[in-house]
Amino acid sequence: MKIFKYIMLLFFASLALNSLAASIEKSIEARQSYMNLFAFNLGIAGDMAKGKSEYNAELAKIAAKNLLSLAKMNNSAMWPEGSSNQDEAGKGITRAKPALWSTYPEAINKHKKLVTALERFSLLVGEGRESLQKGIKSVGRGCGGCHKNFRAKNK
Amino acid sequence: MSNHNKIPTSLASLTFIGALTGGLLWWLSAPQTFITQEQVNAIKVDVNNGRHLFYIGGCASCHQLVPSLLKDTLSNNLLKETSSIKSEEAPIPLPQLGGGKRFTTPFGTFIAPNISPDKVTGIGNWSDLAFANALISGISPKGEHYYPAFPYTSYTRMQLQDVLDLKAYLSILPSIKRQNEAHQLSFPFSIRRTLGLWKRIFFNSAPLVKLDNVSPIVKRGQYLVEGPGHCGECHTQRNKLGVLNKHRWLAGAVLEAGNNEAETIEVPNITHDETGLGDWSEDDIINYLETGFTPEYDVAGDVMAEVIENTSQINDKDRAAIAAYLLAIPMLSSPEE
Numbered sequence: 001m002k003i004f005k006y007i008m009l010l011f012f013a014s015l016a017l018n019s020l021a022a023s024i025e026k027s028i029e030a031r032q033s034y035m036n037l038f039a040f041n042l043g044i045a046g047d048m049a050k051g052k053s054e055y056n057a058e059l060a061k062i063a064a065k066n067l068l069s070l071a072k073m074n075n076s077a078m079w080p081e082g083s084s085n086q087d088e089a090g091k092g093i094t095r096a097k098p099a100l101w102s103t104y105p106e107a108i109n110k111h112k113k114l115v116t117a118l119e120r121f122s123l124l125v126g127e128g129r130e131s132l133q134k135g136i137k138s139v140g141r142g143c144g145g146c147h148k149n150f151r152a153k154n155k
Numbered sequence: 156m157s158n159h160n161k162i163p164t165s166l167a168s169l170t171f172i173g174a175l176t177g178g179l180l181w182w183l184s185a186p187q188t189f190i191t192q193e194q195v196n197a198i199k200v201d202v203n204n205g206r207h208l209f210y211i212g213g214c215a216s217c218h219q220l221v222p223s224l225l226k227d228t229l230s231n232n233l234l235k236e237t238s239s240i241k242s243e244e245a246p247i248p249l250p251q252l253g254g255g256k257r258f259t260t261p262f263g264t265f266i267a268p269n270i271s272p273d274k275v276t277g278i279g280n281w282s283d284l285a286f287a288n289a290l291i292s293g294i295s296p297k298g299e300h301y302y303p304a305f306p307y308t309s310y311t312r313m314q315l316q317d318v319l320d321l322k323a324y325l326s327i328l329p330s331i332k333r334q335n336e337a338h339q340l341s342f343p344f345s346i347r348r349t350l351g352l353w354k355r356i357f358f359n360s361a362p363l364v365k366l367d368n369v370s371p372i373v374k375r376g377q378y379l380v381e382g383p384g385h386c387g388e389c390h391t392q393r394n395k396l397g398v399l400n401k402h403r404w405l406a407g408a409v410l411e412a413g414n415n416e417a418e419t420i421e422v423p424n425i426t427h428d429e430t431g432l433g434d435w436s437e438d439d440i441i442n443y444l445e446t447g448f449t450p451e452y453d454v455a456g457d458v459m460a461e462v463i464e465n466t467s468q469i470n471d472k473d474r475a476a477i478a479a480y481l482l483a484i485p486m487l488s489s490p491e492e
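Order-wise, the sequence lines are chains A and B. Sequential numbering of the first sequence, starting at 1, is according to this note's numbering. Sequential numbering of the second sequence, starting at 156, is according to this note's numbering.
To be clear, the hints were calculated from the coordinates, so they are not data collected in a lab. There's no promise every hint is true.
[Stated by the list, open to error] Calculated cross-link-like contacts (lysine-lysine; reagent style DSS-like; alpha-carbon spacing at most 30 Å):
(1) Lys199(B) to Lys153(A)
(2) Lys113(A) to Lys199(B)
(3) Lys297(B) to Lys199(B)
(4) Lys65(A) to Lys52(A)
[What the hints assert, rightly or not] Selected chain B positions facing chain A (Cβ under 7 Å, derived; list incomplete):
(5) Ala285
(6) Gly431
(7) Trp435
(8) Glu437
(9) Gly456
Each residue gets a CB set at the ideal place from its N, CA and C atoms; glycine is no exception.
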C-alpha cells in the first residue's frame, strides 16, 4: 500500500513539474512575441528614420504610440521566476540572464528609462524625419540598457 | 683520469650554453619603446578629438568603475549626469574610469586598472610619453610589458596625435581613488618578461588586411577598426597563445569564457559572408552602430550593447567609414560548430 502511495505521489509531483515547465515555456513564448511586437513597430519608424521608407508622420505617430503602450503594459506574468537561460525550463529557448531576477530593481529602473525615451519619442516622431532619427537613437539606448545586462549572447 | 676531466668540461660547456641562451632570451625579451620625447613634443592636442577617440576605443567598456565599488569611491557630485564637452545628444554620465572589472580567460583573471586622472591610484601622474608608449609599445611607465588583454596590439596602429588627444580627454574626467589589484595569472603567464618574446614574434603594426586601391573612407575605416576600435580583439579567433588568426580576420570566434573549456562564448562573424553580416547594407551597419538596432529591429545585447553605447557617440562619418571597411574586407565563413 505504501509503495502505491509513493508511486502516486511521484506521479502527481511529475505532473505538477511538467505543468510548471509548460507554463514557463508559455511565458517565454509570450515575452518573445511581445518583443516581436516591439520589433515590428520599431521597424515602421526605424525604416522611415533610415530613409528606407518614406516619412509619414501619421504612421510614425501610430508606431510610437504602440511602442509606448507596449512598454507601459503590465507584462510581469511573462517573466516568472525559473525562466532564465540557466533554469531547466528556459535552457535553449531563452537568453534572459538570471541577473534579471536577482537585480530586479535595476531592471525596473532600466524599464522606466525606456518608457521615458518612448514618451519623448512619441512627441518627436510627428515633427519630421530628423526628429524621428534623433528620437530613435534614444529608444535604442533605452532598449540596449536592458539587453546589455539581462540578455546573454547566442551561446 | 681522462674521464674525470671530461665531466667538468661538459658541465662548463652546458653552463656556458645555458648562460648564453639565457642572456639571449633576456635580451630578446627586453621592453622596447617606439615613441620618443621629440615626437611627443611636436604634437598639439585637441581634446574634442580625444573625446571622439575615447568612444571609438570604448575605453569605458573595460575601465568603467565596477558599480559595486561606486559607493566607496565616488563623491555625490560625480554621480550627476553631466558632460563638460558639448554633445549633440542628451548629456550622458561622465565616465568614471576607476576600473575593477574582472576578465576571466584561459590564462587567468585580468583586472582592469584605474585609468582615471587620480594622481596616486590612476594615471594622473603619467607623462604624455609614458601614455603614448603604453598604447603604442605596450610598455608601462615602470618599463614593464603589458599583457595584451590591454589591446595595445591594436592601439599600436594609432596615430600619435590621436593617442595624445585621448590622453588630454582622459585628464579632464573625474578622478577616482581606487587602488589597482594585481592580475591573477598562472605560471608561466605570471612572468611579464616572457611577454617580450611573445611581442617579438607576434606584435607589429602592419595592417591586418591588404586593401588595394580603396577609397579614403575605407582607409579611414581600416584605421578605426584595426587600430583604436580594436574590433578584431573579440571578433577574430585566437590560438592557444592568444594570437589572433589573421587569416580569419573578423570571421567570428568561439572564446573560452574561463578556465572551464566547456564554457564558451560565440562572437559573431562581422565579415559580409552569409554566415556573418549577410545581406546587411552599409546603411544597416551604420544604423546598428548608431542605435543598436539590427535590420530586423532586434537590439544589441550583452557586450555589444556596451560597444553601441560608444559607437552611438561617434560621428556619422566614422560610422560610415567602419561600415565601408567591413563591406570591403574579404568575406569569410563563420567557424564551424
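Hint check results:
no. : hint                   : result
1   : Lys199(B) to Lys153(A) : violated, 42 Å
2   : Lys113(A) to Lys199(B) : violated, 40 Å
3   : Lys297(B) to Lys199(B) : holds, 25 Å
4   : Lys65(A) to Lys52(A)   : holds, 21 Å
5   : Ala285                 : violated, 33 Å
6   : Gly431                 : violated, 13 Å
7   : Trp435                 : violated, 12 Å
8   : Glu437                 : violated, 11 Å
9   : Gly456                 : holds, 4 Å
Hints 1, 2, 5, 6, 7 and 8 from the list above are not met by this structure, while the remaining hints are.
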